[in-house]
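A.B. asks: Chains as they are written, first to last, in the numbering used here: chain Y, 45 to 358; chain S, 17 to 433; chain Z, 53 to 674.
Derived from the structure by calculation, the hints contain no laboratory data. The beta carbon of each residue, even a glycine, is placed where N, CA and C say it ideally should be. Honestly, I wouldn't trust all of these hints.
[Claimed, not checked] Pair by pair, the computed Cβ-Cβ distance ranges are:
1) Z/E140 <-> Y/G211: 57 to 67 Å
2) Z/V152 <-> Y/V49: 50 to 60 Å
3) Z/E140 <-> S/N146: 28 to 38 Å
4) Z/V629 <-> Y/L245: 29 to 39 Å
5) Y/W343 <-> Z/N500: 27 to 37 Å
6) S/G244 <-> Y/W47: 32 to 42 Å
7) Z/G338 <-> Y/V49: 34 to 44 Å
8) S/V409 <-> Y/N46: 53 to 63 Å
9) Z/F196 <-> Y/V53: 28 to 38 Å
10) Z/D136 <-> Y/N46: 44 to 54 Å
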Amino acid sequence: MNWVVYVVVMITIVSFLGWGKPGKIIGLFFVSGLAVGSLYALGGIGMVVLYRATGVLNFANGAIGAAGVMVAWQLGQWGVWGPATWAACILVALVLSLGYGRLIAPRLAWREPVVKAVATLGFALVILGIVSFLWIDDPRRFSLPTDKTGVYILGLRVTVTRLIAFGASIGIVVGIYFYLGRTQIGLQMRALANDRDLSALIGIPILRIETIAWGISGVIAGFTGLMFGDLIRLEPSVITFMVIPSIAAAVCGRLDNLALVLIGGLSMGVIESLLTLSPVLKGVRPIAPFVIAALVLLWFQRGTRLTFDGKDQA
Amino acid sequence: MKLNLKLVSMAAAASFALAGQAMAAPSCGANTGEAATGEPIIVGGIYGKAPPGDFSASTDAAKAYFDCVNENGGINGRPIDYRVENDQWNPEMAAQAASKLVKDAGAVALVANGSFIEMAVNAKTYKEENIMSMAAACAISECFESSNIVSTNQGPLPSNLGAAQFAQEELGSKNVACIGFNIPNNGPWSCQVVIDFMQSRGGDGSMQLLNPGAPDVNSALLEAISTGADTILMNLPAGLAIAVLKAAEEQDLRDSYVWIAPTPLYDLSVPAALGEYWNGKVYVNTELAPFQLGGPDAKNWIEVMDAYARPEDPRDTFAQSGYLSATYFVKTLLMMDPKDVGDRAKVTEAIKNISGYTSDLMCGPYYVGDTDFHMPNHAGYMVQIVDGGFKIVRDCYEFDSAYFEPHIAVEKSLGLR
Amino acid sequence: MKNDLFHITPSGRAGLLFALFAFLVVPSVAGSQWLNIFTSTAIFTLAVAGVAFMYARLGMVSLTQVGLMGVGGWITLRLNHWLDLPFEVSLIASGLTTVVFGWLLALPALRLRGLYLALVTLMAAGGFEIVFATFQFPNGGAGFWGVQTGTGEDFSRPVIAQSDAAYLRFTIVVATLGFLIIELHRRLAPGRAWALIRRSEAAAMSAGVNVTLYKTWAFGISGLMGGLAGALLAGSLGLLDGGTFRASESVMIFALAVVGGANFWLGAVIAASLFRILPALLNNWGLDADLSFVIFGAGLLHAVITAPDGIAGQVMDLSGKLFARVTGAAGREGGTRSAGDGVGSNALSRVLSNFTLTLLQIPVQLSHAVMGSKMQASGLDAPIEVRDVTVRFGGVVALNKVDATFTKPISGIIGPNGAGKTTLMNVISGFVMNTQGAVHADGVTLTNLMPPHRRGHWGLRRSFQKEEIADDLTVGENVLAQVDALPLSRGRKQQEVARALDFVGMTDRVGKAGKDLNSFERRLTDIAKCLVGHPKIIMFDEPAGGMSVEETAILGGLILKIHDYCGAKTLVIDHDVDLISRVCEETLVLDFGERIAFGRTADVLADPKVRAAYLGIEEPAA
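Pulled out of the complex, with its shape left as it was, chain Y reads as follows:
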């Protein structure tokens, strides 16, 4: 039912915005939108993976990625071999994420989810401050070798890096799906996501599981940072605050369903890009992710009533 609605709505929006435009132009903006959308999705997926396992929505995800990619860039400037710099990026992100997950997050375990989430903003500011202090404002560019080659899709040249970002977002969704379904730790993570108190009672090693989740999310954040640094721009504050549209993608999956995060992120990118074709709305096109996320959440909640106490409803 929801799928039918989704398809109908998307077709309506695309044909409304693209009405009277040549198909080639629509194709260009559509593919371009998918490219941006896969970045939203990638950011959103990283947040949801962590949120499901630990109950922390990490506003610092972007800042962690920014720190990683700046380190990678610096090593590249010093002539370090490319793959080593990428590994360094992911390592930095991993260390930052684990550091917060082990040292700070446990002290906030008793707080409600919103406070846990806003506390991570403090961490984001710390990282952003240090990164901006170390690397003064200057034009920089971060490139991966995969930027050089590309394929034409609907008239738009798409670099291999973009294909990697796109493929990775799908790959992570599939990978996490199998990880949760097929492994012992995955099973325990699902139990944790389902009911933390009960999981603790039945002897699931919460600390260990959470550490693994922080680690996985750190690696994803580092990878996302590499992609953002390459495909958006190498400015720490821009990468840091990419979390806000990424959250919009995460909200589309109700912080739970990774496949929906992916589809939501891609749809946001496409609609935002196609808004360029509308003379009235093109000025405010970055608003698209927020409007879409809010509408999706309300759509899923239609008919629900809040009566009994319980967990957060969505």
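Take the given structure of chain Y and dock chains S and Z to it, following the hints.
C.D. replies: Leaving out everything else, chains S and Z in the frame of chain Y:
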């Protein structure tokens, strides 16, 4: 290279093209060689520095020059007490900074201000307090269209125009797409002049606007292409302009269009950041003299920076501009009656009377005048990004637009034409 | 309770003295820069107060506050440049507009809570950020957006507050008024309703609270604070910039509200000081702006970890202890307020009190207008008819054509766990929709009736398995909240409350805070809540759960007297068969959603089917 050197001890200046010469004593103010010890003259400066940008180069350079002046006799023996404040891109802090400097400290003038927001917030305060701001790093319309602010730099409007004019005259451009910020007093303001210019020369133009924080520059680029433009003008800060060029590289659009940009892309880090692909393909307008010209003032600027600035302070266009504002200010004070230099009203009057100052850093003469608009600098150079550096492709030329008619009228009345 | 309205708590007195100090002393001694800094701080104190109040009173998180400030500022600038209205008029217009925006934001809150609600508000903040960045703020230009390039037109500050010092005073007055508005709400019907909603929305609804209305109202107040703050900011600077109203700033404001301490006025002041004074100080000390980010972020983390009630909570604790040591008295604030010992007994106070009460009746009146139904006479003589009630949850049949006519004053419902007892009660009180059948009483079809709170107005009362007493209200206020929405005179309401508390024997604890009660006292208070405001049907869901034998005996005695007390019919669910056989004349037995027996209690309990299905597998209460 641009790692903050407070932590990593590495001389950024060493890499600078002009730093190779033997160290000569810089020339500052009265050049007495004796430190000034009299009652300080308070001068303010406001810069913006916080993520996402840093405009402090202008006040850093001005501070270096004032330090040099203070060691060389100051203003008739009185040192300049230069106090700088950071507005952190926050309008409230900009207002606080102005209050602190203008009202609390009683500064006689503001020199080398560099900010995106400060001028809009404080223009009225400066007028009410009758104080002049000899700014150095302006980016918005308020800065050029108010009574008590005069900036040494050009801002986006003239620089855009210069780039478009060059493209039209020498590269055969007929239709310019101006990609700018979706901020009324920045993007639309400075792109519209380009469109008007192109139409006045029988061509056409359009503007594509994007939000400062938007991750997606691709759609603005695609939009620009779909207008049928033959020239793309990147009216953006360097970081975003690089992102646009990178998106264009992705599409392999280099050879189908002419790529031009205003001054922000004139930064020594840019050619390396752009890479081999763009070699010889990007033309940038510079609002002050390109670094390699090395006229007397340009040399002195580097010497002052080397002797008095911190090694990590940037040597860029904003630093030139801040230095230039500071030298004009000192020159003005030195010509005043020594007993008046601490009197704000007299200083303001003297600044408004500035006319016909010249420097090899700037194409035209510098003047102020008692008007509601100031844009003394509306001529520039054109450079091309070649082999990891910049090659001058057009010497000083004046920008041709109806926008400058009132300015030219003032210049005529001051006898500068 | 009326006299209580103008009671000044020690914390309130400190707050008013602080405001007075800020008003009289600060503007005359601060330099020009600090006047600006303090004005910003006062403005953000007001904005934080709006966020903190929603979080502390309703547990709702709004991450749109600076977005709403932007809206308020936009309206003020627009009105100033367009119609040249006096600042005060624009200020009020901005406040009213943002109230409406707040109401719009409340729509998701009816369906969402917790983090999800916060995220929807964050999405709104993201939207506002884009709109402000794109269109900027009016500065005297033409057209709807009113933006021109070049220097903006002049902005007119209030006539009485042209100078920076006077404007700071003006801001302090507005901010103080904002706090007083919030505090007045807290002390009256909306405050009691919010406390119940925060405790449990179900309990609030069954107490007759129109949850939708009061949540919306709270968002409106929060929006009002944001709008006023935005308008004041516009007046302070004469223009606004989109950079001030980024979504991340809204998140920051909320984080600081938590750090400052959302429960206290001081918390808002601390939050605003951290937001505006600390960066100014760091800047003054010449610290690198990037490093101030680090200090700021680290301080935020530290405070969230170490101060559960915020910094203000720590300060209040400390000063409370000091106060106690100095006076030798218990300085606990707010805990012992009681109905009788208020200070507002003089005439002026009474006039003010009446005026304010009339104003604050607006939500109640609105609620009446929505409710439409009139109060009817007390008690219920007619039977409660349960007709073929069926409930399905997906494929599971929770109740299958249950049919019973309760005619006796007190009836019992028993059955093993999962038999559908509570589901039946939920159908009657409106929390669960029956797929088939109906419940009638007194000529009214309850199941058609209305949302739960309107059933409450009609005369339905219930308790829950857990006692639903709001921790931050006194016993008296908890009971009073039940009748707030009823069209009775204030005197009558208080009379009812006093009588009900007397009935359950809690009169001596009327001023005790909910959090200080033991579980038996909480249960007694719960029963008192069911007795006020002309109940027709009272339902108790496992009232004796967790009680000692003596307590159960007292409880039984109370239940037996209810019909004589108010004429209502009572339904009791319990596993304690002794209690049921003592108090209930007739009993319905359910098993797997089916009625297996109904009739005189003694007969039913003797029924072999019942003995097999129920008594044989009896377990302690879940």
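A.B. asks: Does each hint hold? Answer for all of them.
C.D. replies: These are the hints, each one checked on the structure:
Between Z/E140 and Y/G211 the C-beta distance comes to about 60 Å, which sits within the given range of 57 to 67 Å. Between Z/V152 and Y/V49 the beta carbon distance is about 30 Å. The supplied range of 50 to 60 Å is therefore violated. For the pair Z/E140 and S/N146, the beta carbons lie near 30 Å from each other, so the given range of 28 to 38 Å is met. At roughly 31 Å, the beta carbons of Z/V629 and Y/L245 sit within the given window of 29 to 39 Å.
A C-beta distance of roughly 28 Å is found between Y/W343 and Z/N500, which places it inside the suggested range of 27 to 37 Å. Between S/G244 and Y/W47 the beta carbon distance is about 40 Å. The supplied range of 32 to 42 Å therefore holds. A C-beta distance of roughly 58 Å is found between Z/G338 and Y/V49, which places it outside the suggested range of 34 to 44 Å. Between S/V409 and Y/N46 the CB atoms are about 59 Å apart, so this pair conforms to the stated range of 53 to 63 Å.
Under the hint 28 to 38 Å, the C-beta atoms of Z/F196 and Y/V53, about 29 Å apart, fit the expected range. Between Z/D136 and Y/N46 the Cβ separation comes to about 52 Å, which falls inside the hinted range of 44 to 54 Å.
Figure legend: structure checked against the earlier numbered hints; hints not met, in rising order: 2 and 7.
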